[in-house]
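Q: Sequence:
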Amino acid sequence: MSRQIKTIGIVGGLGPESTIEYYRQIIARYREQISDGSYPPIIIHSMDVRELFRQCGANEFGKGNR
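Residue numbers (this note's numbering): 804 to 869.
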């Protein structure tokens, strides 16, 4: 019986160090369950943190990363 693996999405942008830590933790948890040496499917979207802060200050949530 094959297992359906879902793709996870991560929103990064506060710095590569924090994104890397999330990535490592997700892989470690995945490998606790799947021991065939594979990696989980992950999509990482790195936002421009300056734009995010600008949107917060201008109360423009939901306008997307431009």
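Don't read these hints as lab results, they were simulated from the structure. For clarity, every value in this text was computed on a predicted model and none was experimentally measured. Check the hints yourself; a few may be wrong.
Have a look at the derived ranges for each label pair, beta carbon to beta carbon [said to hold, decoys possible]:
1. E820 to F856: 32 to 38 Å
2. R834 to N862: 39 to 45 Å
3. A861 to I830: 33 to 39 Å
4. G860 to E835: 36 to 42 Å
5. C859 to R834: 32 to 38 Å
6. A861 to D839: 18 to 24 Å
7. L817 to A861: 18 to 24 Å
8. G815 to G860: 33 to 39 Å
Virtual Cβ for every residue (Gly too), placed ideally from N, Cα, C.
Q: Quick one: which hint numbers does this structure break? Sort them smallest to largest.
A: Failing hints, ascending: 1, 6 and 8.
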